[in-house]
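Engineer: Residues per chain are reported as follows:
Protein chains: 2
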Amino acid sequence: MTARSSERARIDMLARVFGTDGSGRTIVGIGDDAAVIAPGREPLVWTLDAQVEGIHFRRDLVSMADLGYRATMAAASDLAAMGASPLGILAGLVLPAYVTDEDLRAIAEGQHEAAEEVGTQIIGGNLARGQEISITTTVLGETPRPLGRSGAKPGEVVAIAGPLGLSAAGLVLIGRGREHEADAAPAVRAYRRPLARITAGLAARDVASAAIDVSDGLTRDVGHVARASGVLVVLDRSTLLTPELERAAALAEADPYQLALEGGEDYAVVVTVPEDRVPAGFKRIGRVVPPQDGKIGIAVEQTNGTLAWLDERGYDHFG
Amino acid sequence: MTARSSERARIDMLARVFGTDGSGRTIVGIGDDAAVIAPGREPLVWTLDAQVEGIHFRRDLVSMADLGYRATMAAASDLAAMGASPLGILAGLVLPAYVTDEDLRAIAEGQHEAAEEVGTQIIGGNLARGQEISITTTVLGETPRPLGRSGAKPGEVVAIAGPLGLSAAGLVLIGRGREHEADAAPAVRAYRRPLARITAGLAARDVASAAIDVSDGLTRDVGHVARASGVLVVLDRSTLLTPELERAAALAEADPYQLALEGGEDYAVVVTVPEDRVPAGFKRIGRVVPPQDGKIGIAVEQTNGTLAWLDERGYDHFG
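These protein sequence lines are chains D and W, in that order.
Sequential numbering from 1 applies to the first sequence in UniProt numbering.
Sequential numbering from 1 applies to the second sequence in UniProt numbering.
Wrong hints could be hidden among the right ones.
[As the list claims (entries may be wrong)] Where chain D lies over chain W, by a calculated footprint (3+ residues, C-beta under 8 Å):
{"hint": "1", "stretch": "33-46"}
{"hint": "2", "stretch": "69-81"}
[What the hints assert, rightly or not] Listed next, with one range per pair, are the computed distances between beta-carbon atoms:
{"hint": "3", "chain 1": "W", "residue 1": "Ile296", "chain 2": "D", "residue 2": "Arg59", "range": "40 to 46 Å"}
{"hint": "4", "chain 1": "W", "residue 1": "Gly155", "chain 2": "D", "residue 2": "Tyr98", "range": "44 to 50 Å"}
{"hint": "5", "chain 1": "D", "residue 1": "Ser5", "chain 2": "W", "residue 2": "Leu61", "range": "27 to 33 Å"}
{"hint": "6", "chain 1": "D", "residue 1": "His180", "chain 2": "W", "residue 2": "Asp311", "range": "51 to 57 Å"}
{"hint": "7", "chain 1": "D", "residue 1": "Ala97", "chain 2": "W", "residue 2": "Asp311", "range": "21 to 27 Å"}
{"hint": "8", "chain 1": "W", "residue 1": "Arg59", "chain 2": "D", "residue 2": "Gln258", "range": "35 to 41 Å"}
[Said to hold, decoys possible] One-sided and incomplete, this derived list gives chain D residues near chain W with beta-carbon spacing under 8 Å:
{"hint": "9", "residue": "Val28"}
{"hint": "10", "residue": "Val36"}
{"hint": "11", "residue": "Ile37"}
{"hint": "12", "residue": "Arg41"}
{"hint": "13", "residue": "Pro43"}
{"hint": "14", "residue": "Val45"}
{"hint": "15", "residue": "Val52"}
{"hint": "16", "residue": "Met82"}
{"hint": "17", "residue": "Gly92"}
{"hint": "18", "residue": "Ala128"}
{"hint": "19", "residue": "Arg129"}
{"hint": "20", "residue": "Leu140"}
{"hint": "21", "residue": "Gly148"}
{"hint": "22", "residue": "Arg149"}
Derived by calculation from the structure, the hints in this document are not laboratory data.
Every value quoted in this text rests on a predicted model; they were computed, and no experiment measured them.
In this text, a Cβ means the ideal position worked out from N, Cα and C, and glycines have one as well.
Okay, chain D solo, but in the shape it has when bound (with noise of 0.2 Å):
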């Protein structure tokens, strides 16, 4: 099938994929001006996020499935770093010529899929033509305490739940052609099928005084929660890495623990809580203490004590 129908057609077929929604809320779905949602009474939590081919993804290492699960996963993160539940997604793709029926259908399912495991539906988007595929999506959540990135206070301990490095690790060992080894699986099902750890934010909503999510590495959006708290996060080193890591890596030839510094795209959260709170599903990786000289930002603890001040790494997409 390489048909390349018309965009009324394509909307068609886009809305038999995407299904309807079963949480009652969607009060009028794909095929108006707009999408309408019934509100309830918790405050409304709105994120966007891009995927550009070349940029974000290459599409001789990705599918159209995971592709769209991918882009899915990548917004919804946003709101699992808010403890926020989604009520729907809208989806704008552009699409290349070359992009036929089968693909686009490929792209939905993916999306589908994607919006079904963090318990939501696509509801709505656009469909446009241009040069490379570009895939923005948008999510519309509600939490009753939107978790921010300022709130974290020394003496209180740093958390994660989800990969770090693994994803990508996955990508590495995908370039190299090397992903049916064994040793490569979870890093490569991390690449092409993250999951954004809604369930995590939510169980951490009422404990954590910050969060983010992991999508350009862990240095770099620890970072932003460290400055916008004004203070400082010591990783502990010792807990950073897992076997399955351990083993991509050396697949990969590549230092684990820079994979876990500065590999993006695991979608981990990432917060920081009471000693004694720590929710469930959550590892401790560090902790949270007063600027030393002044100094805010991340350090990492060797196993002799002394810290290793960490730049800002991870990815600038115009630096």
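Please arrange chain W on chain D, whose structure you already have, making use of the hints.
Structural biologist: Same frame as chain D, but now just chain W:
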């Protein structure tokens, strides 16, 4: 100024341009994982629209400020068509390497001006690198009574608020370098600075049975209403032209009727209403009748009283 700053510096600049929302409804704006909005009691209306370089605009024919303005209005217009008031806007910008900080500031100023014009603010978004400029805008609004496309009833009249054909004429005149002639001014302005008819949508909200905005052309967009409602819409040919359109069409050497019927991007709002309840600011342009010989769609009544059927025209992104 041809600087190309880091992502963080650019986001700081955007936060300054966009300012803060005076409504008191925005709890968290630019700079966290997501925007947070206090909910009201009314249904939420939510739309997304993309403007892509080479498809929706030519960079040599539109300034960066106008680009930001038009992209914002195009998205806000969907809320006008639902009879909704905007609560906030998120904007996703995909920018090639050649886009300078000055260009970005101009885009943002255009977006900000358009948002203020319709009574709202840009409260978040996303920046990404890409090979071509695209702006994806999502607008959230609310209304006690969302207007759909499917409620038009025989016996009602069709009424419009806003221009017809002027934007298309303006684009032709800009392309031919005739934008500075006196007869071109209203058309050029209609193209560069279109207005989302939020006020008109609100005025029609409690009386209209159906509504749509004219983004792809009158025939095509009102055709959506006719098909969704299972009716025939008969346009009155004598009402479609204005002196401004006739003068601009003459200068563009174009048929003013064709511009009125097929020209897009005017963002007029078209509603169907009882004959005695045409809202202030709307002009009657036709009537709703039952299907004739099983046909639904659009026809134009000629001066001799016969009907000329209109094919669906307008822009199909994949046709």
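Engineer: Each hint needs a verdict: does it hold in this structure or not?
Structural biologist: Consistency of the hints with the structure:
Judged by the Cβ-Cβ criterion of 8 Å, the stretch 33-46 of chain W is covered by chain D as claimed, because 14 of its residues qualify and three suffice. With 3 residues carrying a beta carbon less than 8 Å from a beta carbon of chain D, the stretch 69-81 of chain W meets the three-residue requirement, and the given coverage holds. For the pair Ile296 (chain W) and Arg59 (chain D), the beta carbons lie near 41 Å from each other, so the given range of 40 to 46 Å is met. Checked against the hint of 44 to 50 Å, the pair Gly155 (chain W) and Tyr98 (chain D) passes, with Cβ atoms roughly 48 Å apart.
Distance hint for Ser5 (chain D) and Leu61 (chain W): a CB-CB separation of about 30 Å, consistent with the stated range 27 to 33 Å. For the hinted restraint 51 to 57 Å between His180 (chain D) and Asp311 (chain W), the CB-CB distance of approximately 53 Å keeps it satisfied. A hinted range of 21 to 27 Å for the beta carbons of Ala97 (chain D) and Asp311 (chain W) is consistent with their spacing of about 24 Å. Our hint of 35 to 41 Å for Arg59 (chain W) and Gln258 (chain D) holds, since their Cβ atoms are close to 40 Å apart.
Annotation: Val28 (chain D) was flagged as interfacial toward chain W, and the flag holds, the nearest CB pair being 6 Å apart, inside 8 Å. The interface hint given for Val36 (chain D) is met, as the beta carbon of that residue sits about 5 Å from the closest beta carbon of chain W, less than 8 Å. Because the smallest distance between the Cβ of Ile37 (chain D) and any Cβ of chain W comes to about 4 Å, under 8 Å, the interface hint for this residue holds. Using the Cβ-Cβ criterion of 8 Å, the hint placing Arg41 (chain D) at the interface with chain W is satisfied: the shortest such distance is roughly 7 Å.
Annotation: Pro43 (chain D) was flagged as interfacial toward chain W, and the flag holds, the nearest CB pair being 5 Å apart, inside 8 Å. Hint on Val45 (chain D) holds. Least Cβ distance to chain W is approximately 5 Å, under the 8 Å limit. At its closest, the beta carbon of Val52 (chain D) sits 4 Å from a beta carbon of chain W; the interface hint therefore holds under the 8 Å criterion. Hint status for Met82 (chain D): holds, given a least beta-carbon distance of 5 Å to chain W, under 8 Å.
Taken as an interface hint, Gly92 (chain D) checks out: its beta carbon lies about 5 Å from the nearest beta carbon of chain W, inside 8 Å. The interface hint given for Ala128 (chain D) is met, as the beta carbon of that residue sits about 5 Å from the closest beta carbon of chain W, less than 8 Å. A hinted interface residue such as Arg129 (chain D) counts as satisfied when its beta carbon comes closer than 8 Å to some beta carbon of chain W; here the least separation is about 5 Å, so the hint holds. Annotation: interface hint on Leu140 (chain D) holds; nearest CB of chain W at approximately 6 Å, less than 8 Å.
For Gly148 (chain D), the suggested interface contact is upheld, since its CB lies about 6 Å from the closest CB of chain W, less than 8 Å. For Arg149 (chain D), the shortest C-beta to C-beta distance to chain W is roughly 6 Å, which falls under 8 Å, so the interface hint holds.
Comparing the model with each earlier hint shows no violations; every hint is respected.
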